[in-house]
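Asks: Chains as they are written, first to last, in the numbering used here: chain C, 3 to 191; chain P, 3 to 191; chain V, 3 to 191.
Treat the hints as calculated values from the structure; they're not laboratory data.
Check each hint, because a few of them may be wrong.
Since the list gives no way to pick one copy over another, a pair counts as held whenever it fits inside one copy or between any two copies.
As the list claims (entries may be wrong) - Calculated pairs, BS3-like style, for lysine-lysine (alpha carbon to alpha carbon, straight line, at most 27 Å):
1. 147 <-> 29
2. 161 <-> 119
3. 51 <-> 29
4. 119 <-> 37
5. 51 <-> 119
6. 32 <-> 147
7. 147 <-> 37
8. 147 <-> 161
9. 163 <-> 147
Only a predicted model underlies this, so the values are computations on that prediction, with no experimental measurement involved.
Next come the chains, spelled out residue by residue.
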Amino acid sequence: MSDTIVEAVEYFSANVADLKDIPAFAKDMKEFESKCDRYVHTILTELNKTFITPIEREDIMALTTSLDDVLDGIEACASRFEMYHIQEPDEYIVLFADNLVRSAHQIKKAIYLLSEKKLLAIREPAIAINELENQADDLLRVCVKSLFASEKDPIELIKRKEIYERLEQTTDCCEDVANTLESIVMRNS
Amino acid sequence: MSDTIVEAVEYFSANVADLKDIPAFAKDMKEFESKCDRYVHTILTELNKTFITPIEREDIMALTTSLDDVLDGIEACASRFEMYHIQEPDEYIVLFADNLVRSAHQIKKAIYLLSEKKLLAIREPAIAINELENQADDLLRVCVKSLFASEKDPIELIKRKEIYERLEQTTDCCEDVANTLESIVMRNS
Amino acid sequence: MSDTIVEAVEYFSANVADLKDIPAFAKDMKEFESKCDRYVHTILTELNKTFITPIEREDIMALTTSLDDVLDGIEACASRFEMYHIQEPDEYIVLFADNLVRSAHQIKKAIYLLSEKKLLAIREPAIAINELENQADDLLRVCVKSLFASEKDPIELIKRKEIYERLEQTTDCCEDVANTLESIVMRNS
Chain C
3 MSDTIVEAVE
13 YFSANVADLK
23 DIPAFAKDMK
33 EFESKCDRYV
43 HTILTELNKT
53 FITPIEREDI
63 MALTTSLDDV
73 LDGIEACASR
83 FEMYHIQEPD
93 EYIVLFADNL
103 VRSAHQIKKA
113 IYLLSEKKLL
123 AIREPAIAIN
133 ELENQADDLL
143 RVCVKSLFAS
153 EKDPIELIKR
163 KEIYERLEQT
173 TDCCEDVANT
183 LESIVMRNS
Chain P
3 MSDTIVEAVE
13 YFSANVADLK
23 DIPAFAKDMK
33 EFESKCDRYV
43 HTILTELNKT
53 FITPIEREDI
63 MALTTSLDDV
73 LDGIEACASR
83 FEMYHIQEPD
93 EYIVLFADNL
103 VRSAHQIKKA
113 IYLLSEKKLL
123 AIREPAIAIN
133 ELENQADDLL
143 RVCVKSLFAS
153 EKDPIELIKR
163 KEIYERLEQT
173 TDCCEDVANT
183 LESIVMRNS
Chain V
3 MSDTIVEAVE
13 YFSANVADLK
23 DIPAFAKDMK
33 EFESKCDRYV
43 HTILTELNKT
53 FITPIEREDI
63 MALTTSLDDV
73 LDGIEACASR
83 FEMYHIQEPD
93 EYIVLFADNL
103 VRSAHQIKKA
113 IYLLSEKKLL
123 AIREPAIAIN
133 ELENQADDLL
143 RVCVKSLFAS
153 EKDPIELIKR
163 KEIYERLEQT
173 TDCCEDVANT
183 LESIVMRNS
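So here's chain C without its partners, still in its complex pose:
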């Protein structure tokens, strides 16, 4: 799942600055999300067949759900480009995408450390994800302030404000992954 998050967020970041074919972009992002949903289904099925799990079943569930939320979040952002016919490039969206790429790599790193049972080393990527979320929150303030200062068409303002907010909420989802991991570390070390 964390590999798919990295792929999806890198695809989003690589394409969002220059959207030539919005329907294809939205469709590809939906495909990443469906792939992640299939992993969730597999994890649940395996969990129901397995008696002994390496960490608590509920922790596996919570982690699965929080990872799934990241992909749901970024896919929901991508869909708004299509729903709202947003095509012009936007430097703020590029900055959010870059933040999410960095956060996705930290998630991948943390999940790798979990699989290697290097629990205490997870704190480092968890802190990095929290820091990136703080930066995204600051970025949201800057770009919403700038939007209200420049955009006089209320409907255009509503569209772009929602995309900025959904991007920032996706960094909140990344932070939830970090918090879930920290709570697993706390219970298992």
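Given the coordinates of chain C, work out where chains P and V should sit on it, guided by the hints.
Replies: Structure of chains P and V alone, referenced to chain C:
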């Protein structure tokens, strides 16, 4: 509580397509919500008097809270019709209401299975509720896209977008009930 | 942390009715939030050095997070005054601020009772916080209804609606503190 959810959602669905008396509609929905709040109060009082509970006290609390959130959600939707003076019928709202009716019946079924200790059978309604939430998310995208394509008055757009989003969020609350139930099943089977 | 919440909310309430210097107001509110963040950091560091904790580590974590969310919420409200150049006094915002001051004092009382191990006495402030949240929800409905009835500029409406909603969401954060405390009481009494 699940009976009251079914009643409230069916009342909402039966009336929302043709709102003759919005204040009465909002008042009746508030009454369902207050009834549910009284059940929450009774459950909490009983829980504080009881030493041995059939499932963990915290699970009872989590389930109670998630059921209460469904009614809070649908009541908050109903109140917006009054706050925003929305009277004209809207086919999308009817579709959301229908989705919620089906979800409410699955919740009732799942709670019945819990009371009968048929824990493993709960997976089926839980999956159905998740599927209905996915459909509601797709419906939200369709109707918000259509709203932005047709509604040129930004204030009308804000009103209707919020109602659609609150209806979709109520299906998220139904999904939270399903997830709470699945986690209870996981810990008790 | 609960002392800082009281300070921050009282400062917000004392100044919001007559905002002469919005940047200074937003900056001071940010300072309260940073102070709270430093407490969170200290709690986490201490928690990682300590073997035996008076209540479960996870409960300490959950409580810390929920207290932090209250300050994040009120600081986010304050920042919107600056982002949106909102300067004119607003009687509804004053009422929300008053609600939050009362809630903050109940939080402080509840945390004091926890520190004194008077667990059962925590129910009283917890109920008071829930009641204040209900009142804030009613207030939100009144002021949003009034806003739509009077404000014809959609961009002004968006700004003010968001501030009202964020204030109400901050009372939801207070309620989360109350719910976290009730669940700690339930597990420890």
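Asks: None of the hints should be skipped; say for each whether it holds.
Replies: Checked hints:
no., hint, in the structure
1, 147 <-> 29, "between (31 Å within a copy, 16 Å between copies)"
2, 161 <-> 119, "neither (44 Å within a copy, 48 Å between copies)"
3, 51 <-> 29, "neither (33 Å within a copy, 48 Å between copies)"
4, 119 <-> 37, "within (26 Å within a copy, 34 Å between copies)"
5, 51 <-> 119, "both (23 Å within a copy, 20 Å between copies)"
6, 32 <-> 147, "between (30 Å within a copy, 17 Å between copies)"
7, 147 <-> 37, "between (36 Å within a copy, 25 Å between copies)"
8, 147 <-> 161, "both (15 Å within a copy, 11 Å between copies)"
9, 163 <-> 147, "both (10 Å within a copy, 16 Å between copies)"
Consistency with the previously given hints fails for numbers 2, 3, ordered from lowest to highest.
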